[in-house]
Amino acid sequence: MTAIKTEVAGPKAGPPPGVTRRPVKDLRASQKRAGWVMLAPALIHAAVFLLLPMVMLVALSFTDYQFLGAYHWVGVDNFLQLMSDDRWRTALLNTVLYTLVTVPVAMAIALLIALGLNSGIRARGAMRVLYYMPQVTATVAVATVWLWIYQPDVGLANSVLGLFGLPPQGWLTNPNLSLPSLMLVGVWQGLGAKMVVYLAALQSVSRDQLEAAQLDGANRWQSFWNVTWPALGPAHFFVFVTSTIASFQVFDLVFVMTKGGPGSSSTVMTYEIYEEAFQGLKLGYAAAQSVVLVVLIGVFTLVGLRLQKVSSDA
Amino acid sequence: MPRPHAAPGRRGRGVYVLTAVMALGAVAMVAPFVWMLLTSLKSPSELTEFSWLPEQLRFQNYTEALTAAPFARYFLNTALLTIGQTALTLAFATSAGYALACTPIRGRKTLNAFVVILIMVPFYAILIPEFLVVKSIPFFGGNGVTGQGGTGWLNSWWGLIIPHAIAPIYIFLARQFFVSLPEELAEAARVDGLSEYGIFVRIMLPLIKPAVITIAVFQIGAAWNSFLWPLLITRDDSLRPIQVGLAIFSQDPLNVQWAYLMAGATLAVLPMIALFIAAQRYFIEGMASAGLKG
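Here the protein sequences line up with chains W and D, keeping their order. Under the numbering used here, the first residue of the first sequence carries the number 1, and numbering increases by one thereafter. Under the numbering used here, the first residue of the second sequence carries the number 1, and numbering increases by one thereafter.
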């Protein structure tokens with residue numbers, strides 16, 4: 001196997017002749033020291049760029065900080081103001097709606113694809129690559145492609161509708177359609193990762209149990225519900241939590257394709273935070289919005305945990 | 001609807017129908033990329049009204065796109081950003097994972113729980129304070145010792161690369177793999193007099209090579225595709241990565257030159273597609289093992 005060099009690294013003298021081990025106490029101390037040295041850069045990095053910002057976020061949300069000039073402690077004013085902010089309310093509703101639609105729909109489609117790929121069809125390796133491809137490509141780049149596809153006069157989407165004799169749509173210009181158009185892209189791009197997790201889970205379903213179910217006369221549907229479905233619990237949970245967290249943070253699509261418009265029809269929480277903070281320079285206010293975003297993500301994650309518990313207890 | 005678990009003995013027409021349905025779905029999934037490629041090869045006159053295929057392949061769109069916007073510079077910037085973040089992550093996330101898994105430091109369990117909690121921190125929510133932290137790095141960009149008075153790491157390679165490298169998820173992934181290695185290996189090396197760092201670099205790290213590659217491909221993907229952070233902290237083209245360049249180029253929908261935009265988009269996605277095809281095992285197994293172990 002690996003060749004192990006026997007020289008002692010560093011300036012310390014080698015062990016006295018005949019003794020191959022340093023004293024146990026010294027050894028543990030040096031192991032500990034090395035552990036901290038190896039951990040330190042990552043810990044400092046996390047403290048500065050994750051932990052400190054978390055603390056600052058909460059503090060900022062109680063101020064009227066505006067980037068320049070003095071700022072004041074304003075208590076819960078920002079949060080009170082949020083409640084009567086129509087644009088923010090629309091953004092919040094749109095984000096929740098986007099999550100409630102894209103997450104379950106994409107989970108269902110991804111599971112169907114995984115079942116299809118897991119059922120002994122031809123060319124599954126190649127197909128798996130194709131289904132996963134949107135996942136590895138940058139959201140900004142694919143958003144520009146969809147911007148072109150959704151163009152009203154020369155876009156692919158309306159031409160495809162035309163093939164079926166359907167009238168052209170204002171995909172991104174009709175306020176009733178702009179958010180669903182973004183959802184379609186979100187579902188499309190997120191299928192790959194979910195499918196892969198489901199595929200791995202399906203491959204771990206016990207063959208013996210499936211065969212036993214078939215011997216007992218269960219049809220495919222019954223053996224799916226009674227054997228496969230219960231085994232998918234952890235995969236559902238993982239997919240639900242990761243994709244909920246991701247869809248609450250949808251931004252790139254909105255930025256490139258609609259800028260939240262027309263009006264506020266397709267705006268989302270992250271886009272409003274970006275606008276308030278970096279266009280309007282209302283950093284305190286935007287920090288309060290960010291706190292709401294964190295809380296909502298936390299609530300949805302807990303709901304996921306709960307559902308997982310309920311289904312595994314049942 | 002695809003049937004779950006086709007019975008082994010019952011292959012036949014069902015398999016072909018299912019294969020056809022799945023293939024149709026797969027084609028639909030990549031259709032936008034095909035459309036992107038076709039558009040990038042059409043002449044301007046073909047883009048004023050709808051057409052399916054280009055009359056002739058106009059490859060000069062690519063060279064013209066490179067002069068319409070500094071895509072070559074953007075591309076280089078993205079490459080540098082990606083290399084920088086990946087190097088940092090590979091050096092420090094794996095060593096932190098090793099420390100958490102294999103060294104007897106005090107509070108290891110607490111630290112590990114801490115890392116898991118940090119994985120959950122939503123990046124978009126801490127955007128504002130993170131921006132302020134980066135602006136207030138002392139002694140950079142005209143800042144004094146208190147971190148005030150200048151621009152800190154804003155509009156610099158430091159700010160572009162460092163804050164989003166070494167994400168906790170990579171520390172966690174590395175730790176999961178190190179935990180599964182037998183302790184005797186390190187012991188044997190220790191008896192032979194190898195230093196603790198030597199054990200990590202020469203013995204343990206090579207043993208988790210698949211995990212290291214998985215971490216690398218995920219970090220490369222995250223860096224190559226990153227958008228909002230570079231958008232916020234870069235002010236000029238000498239630092240802007242390609243995703244930011246593309247987004248800016250696309251933001252004038254009335255005058256946008258679609259052929260050039262699609263040529264730029266092709267350049268922006270091609271390296272990741274190539275990496276994915278070359279290393280798909282690591283993308284897919286990494287995703288799957290994160291899902292099942294996590």
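It is worth saying that the hints were derived from the structure and are not from the lab. Possibly wrong hints are sitting among the right ones.
Computed Cβ-Cβ distance ranges for the label pairs, DEER-style [said to hold, decoys possible]:
#, chain 1, residue 1, chain 2, residue 2, range
1, W, 261, D, 13, 29 to 39 angstroms
2, W, 44, D, 51, 28 to 38 angstroms
3, W, 230, D, 109, 44 to 54 angstroms
4, D, 60, W, 40, 35 to 45 angstroms
5, W, 222, D, 116, 11 to 21 angstroms
6, W, 230, D, 148, 38 to 48 angstroms
7, W, 70, D, 117, 44 to 54 angstroms
8, D, 148, W, 80, 26 to 36 angstroms
9, D, 142, W, 167, 55 to 65 angstroms
10, W, 218, D, 252, 28 to 38 angstroms
Below, computed lysine-lysine pairings styled on DSS-like, alpha-carbon distance capped at 30 angstroms [claimed, not checked]:
#, chain 1, residue 1, chain 2, residue 2
11, W, 32, D, 42
12, D, 42, D, 109
13, W, 32, D, 135
14, D, 109, W, 259
15, W, 282, D, 209
16, W, 25, D, 135
17, W, 259, D, 42
18, W, 259, W, 282
19, D, 109, W, 309
From a predicted model like this one, the values you see are computed outputs, not experimental measurements. Just so it is clear, CB atoms sit at the ideal spot from N, CA and C, and this is done for glycine as well.
Point to revise | Cβ distance range 26 to 36 angstroms for residue 148(D) and residue 80(W), holds or violated | key: Distance hint for residue 148(D), residue 80(W) holds at roughly 31 angstroms.
Point to revise | 30 angstroms Cα cutoff - pair residue 42(D), residue 109(D) | key: Outside the cut-off at roughly 59 angstroms; violated.
Exercise for review: Confirm or reject the claim that residue 261(W) and residue 13(D) have a C-beta distance inside 29 to 39 angstroms.
Suggested key: violated, 50 angstroms
Review point. Within 44 to 54 angstroms or not, the Cβ separation of residue 230(W) and residue 109(D)?
Key: violated, 31 angstroms
Review point. Could one say that the CB atoms of residue 218(W) and residue 252(D) fall in the range 28 to 38 angstroms?
Key: violated, 60 angstroms
Review point. Are the Cα atoms of residue 32(W) and residue 135(D) separated by 30 angstroms or less?
Key: violated, 35 angstroms
**Study point:** Straight-line alpha-carbon gap residue 109(D) to residue 259(W), limit 30 angstroms
**Key:** violated, 44 angstroms
Practice item. May I ask you to test the hint 28 to 38 angstroms on the CB atoms belonging to residue 44(W) and residue 51(D)? Key: violated, 56 angstroms
**Study point:** Beta-carbon spacing of residue 222(W) to residue 116(D) - inside the hinted bounds 11 to 21 angstroms or not
**Key:** This hint is violated: roughly 38 angstroms between Cβ atoms.
Check your understanding: Quick one, are residue 109(D) and residue 309(W) close enough, alpha carbons at most 30 angstroms?
Key -> holds, 24 angstroms
Practice item. With a cut-off of 30 angstroms on the C-alpha distance, tell me whether residue 32(W) and residue 42(D) pass. Key: violated, 63 angstroms
Practice item. State, for the Cβ atoms of residue 142(D) and residue 167(W), whether the hinted interval 55 to 65 angstroms holds or is violated. Key: holds, 58 angstroms
Violated hints, listed in ascending order, are 1, 2, 3, 4, 5, 6, 7, 10, 11, 12, 13, 14, 15, 16; each of the other numbered hints is respected by the structure.
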